[in-house]
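Student: Just so you know, the sequences run in chain order A and B.
1 is the number of the first residue of the first sequence in our numbering; add one for each residue after it.
1001 is the number of the first residue of the second sequence in our numbering; add one for each residue after it.
No lab work stands behind these hints, which were simulated from the structure alone.
In this text the structure is predicted, and so the values were computed from the model without any measurement.
For each residue, glycine too, the CB sits at the ideal point set by N, CA and C.
There could be a bad hint or two in this list.
To be verified - No farther apart than 20 Å at their CA atoms in a straight line, the calculated lysine to any residue pairs in the SDA-like style are these:
id, chain 1, residue 1, chain 2, residue 2
1, A, K232, A, R259
2, B, K1270, B, P1238
3, B, K1239, B, L1177
4, A, K239, A, G265
5, A, K232, B, D1290
6, B, K1232, A, D290
As the list claims (entries may be wrong) - Computed beta-carbon distance windows for the label pairs:
id, chain 1, residue 1, chain 2, residue 2, range
7, A, N92, B, A1037, 39 to 47 Å
8, A, E26, B, P1155, 47 to 55 Å
9, A, K239, B, G1335, 31 to 39 Å
2 protein chains.
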Amino acid sequence: MNLRELSAQLGLSQTTVSRALNGFPEVSEETRARVRAAADLHGYRPSAAARRLATGQSGTLGLVFPGERNMLGDLLFTEFLGGCVERASQLNYDVTLGMAHGSQSEEAVYRRAVRNARVDAMILSSPLIADPRPALLRQLGMPFMIHGRTQSAEPYGFLDIDNEGAFFAAAKLLADLGHSRVALFNGETAFNFAADRERGFRRALEMRGIAVDPGLISSGAMIEASGLSQAKRLLELPKDRRPTAFVCSSIGVAIGVKRACAAQGLGIGKDIALIAHDDRIHDMGAESFDPPLTATQSSIGDAGRRIVELCVGMLREPQAPLPSEVWPVDLVVRGSTMPVG
Amino acid sequence: MNLRELSAQLGLSQTTVSRALNGFPEVSEETRARVRAAADLHGYRPSAAARRLATGQSGTLGLVFPGERNMLGDLLFTEFLGGCVERASQLNYDVTLGMAHGSQSEEAVYRRAVRNARVDAMILSSPLIADPRPALLRQLGMPFMIHGRTQSAEPYGFLDIDNEGAFFAAAKLLADLGHSRVALFNGETAFNFAADRERGFRRALEMRGIAVDPGLISSGAMIEASGLSQAKRLLELPKDRRPTAFVCSSIGVAIGVKRACAAQGLGIGKDIALIAHDDRIHDMGAESFDPPLTATQSSIGDAGRRIVELCVGMLREPQAPLPSEVWPVDLVVRGSTMPVG
DNA sequence: AAAATTATTCAAAGCGCTTTGGAAACAACA
DNA sequence: TGTTGTTTCCAAAGCGCTTTGAATAATTTT
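Throw the hints in and build the complete structure from the sequences for me.
Tutor: Now the structure itself:
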């Protein structure tokens, strides 16, 4: 059943039926009710393809798989994606995925998506400090939102968490507990969030008059192996230079740290203080660590849901200022932190 | 630049230009070359929306997030999805995602996708033995392919791995090494793959004249905690009834088993033999276990790539028999298995 | 009661592609 | 010469929706 048939049934024009169904004000409530009833009765569903052609809008949002894949990255991306898909389907939007493959560069993926005009907007995740994608998309005329922030001359819409504030709070807590040798195991420095976190970390220690030892700051993949090897290295330092506290960019890293400590007979929350950032995945994480982990935490699924709302809002009101939000991050104190002893 | 403008430029009809670009035979090679050159020159890209409307095909494949989410499940799904997206984009297809949310049942998600006619076919993953989706989709007239198999009266296309053969090989290896008390930690029994695996497992032991002890077979979530608790329980049995070998449905489960063994001072590959199924994720897995794990392995990313090919083939030749493939599974023997003793 | 508003409804023109049913041009055959 | 085939190309009719510009009906104003 299509629009023409339905309007013929009703003895109305396509215009009126279309407007009645789409909530335009210039159709009487009586007619609207009649149209709705008939549409329900016949199970009428407007053709997405026809609407796309007529409106020029695809009702579709695009995401692209991150170029470098790893376990945690995939988990985070999937959790984020799941949130996006959930909210998008509530808003009657589709989500389509792109991916670089083989010789095709990531840029080509974005170009392809834009050229084919298959999406109304794209959502960028894991932005680098110097990320080429905003400039590219703006040049191509494709609206976008960033999950995170980036260093960019041009304006852009974004949703980010307060990474700096989070790591400021974590480092400050440790400093207030008397720790002066605090190590930071950060994510890859090319990512904007990692820079933000390091800034917050440094600011807190400096505020407490603690000189930041560059040797205690490292960055790398946010996986168990990184935490293990880096912690091992630092724990081998002479006792008076060995860190008494660690701040980790992910729970995976914290697991590695814990293993390194265990190997030295050091107990988390007893001999060594540990804080990690916890991107809530499947509503579980830091609290099921042993001991329960003091953590800065934030739901990446919620971020996905919210960024889709912002994105759709942006598409509906193109002339409005670009949406931007920065979410505060909770520092939840659990059993992995204690005063320095 | 649209088709009309391009054909005006060329002094040809839209028909001819369209056919030239789409490789129809009734246009001379000379004209085709001219058209191609002009299209390239002007950067002409056909509008996906218009094509969709005209052909009734959306050029889109649909997948739905599994209803129950967990870490391994997400990782597997993402790996599979990544493969799908990769091949789909090579074939100029899009992949869109659906997801049940809140009150909306999984069935509603499929209905919605079909009603809106936004996808040409759907790919079903993690089929249950009694899965309602094939009947639903057939009734709705939506083509689909299953990654896995199911117990269904109606025919369906599928790509599956030989789960039965894999677990047959694993159990047979253990039997041949002299193990007679072999435990199986299977996935949820509602899933078809779990039933297949158990069948293979039993068949091998029976073939070797070993009575299968039902107490040694359990099933549950394919996560570390399951392996840990189940193995712990079995390792507490009196020595003459305690299993000497374990077959696990995932590496996660194997990790749990290893921890349970370690707690009892039992070494994998020494005191206890261990085999797990390894869905290759990120090209790593069983070989980085300690000790390297004897495993049945199969690439889930490859499966994603292939199922998209089959799906697209099915759409292109709707009257051809439904495609189906069963992939053999390699049993790779590493250090976690040894003769009983 | 006529004129001016306002509230409803409609006919028709796209959106940009595919595809049907010829037609024109040309060569090959009788 | 007339007929039959081939090749190559085209005009025009959709696909099913949105939206513009007008027309009609109902209401209010003068």
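Student: Now look at each hint and say whether the structure bears it out.
Tutor: Tested hints:
At roughly 9 Å between alpha-carbon atoms, K232 (chain A) and R259 (chain A) fall within 20 Å of each other, so this suggested pair holds. Between K1270 (chain B) and P1238 (chain B) the alpha-carbon distance is near 19 Å, which keeps this suggested pair within the 20 Å criterion. Between K1239 (chain B) and L1177 (chain B) the CA atoms are separated by roughly 19 Å; this keeps the pair inside 20 Å, and the hint holds. For the hint pairing K239 (chain A) with G265 (chain A), the CA-to-CA distance comes to about 14 Å; that is within 20 Å, so the pair holds.
Using a Cα cut-off of 20 Å, the hinted pair K232 (chain A) and D1290 (chain B) holds, with the two alpha carbons roughly 19 Å apart. Between K1232 (chain B) and D290 (chain A), the direct Cα distance comes to roughly 19 Å. Compliance with the 20 Å bound is thereby established for this hinted pair. In this structure the supplied range 39 to 47 Å holds for N92 (chain A) paired with A1037 (chain B), their Cβ-Cβ distance being about 41 Å. Against the hinted window of 47 to 55 Å, the Cβ-Cβ separation of E26 (chain A) and P1155 (chain B) comes to about 51 Å, which satisfies the hint.
The hinted range of 31 to 39 Å is satisfied by K239 (chain A) and G1335 (chain B), whose Cβ atoms lie roughly 38 Å apart.
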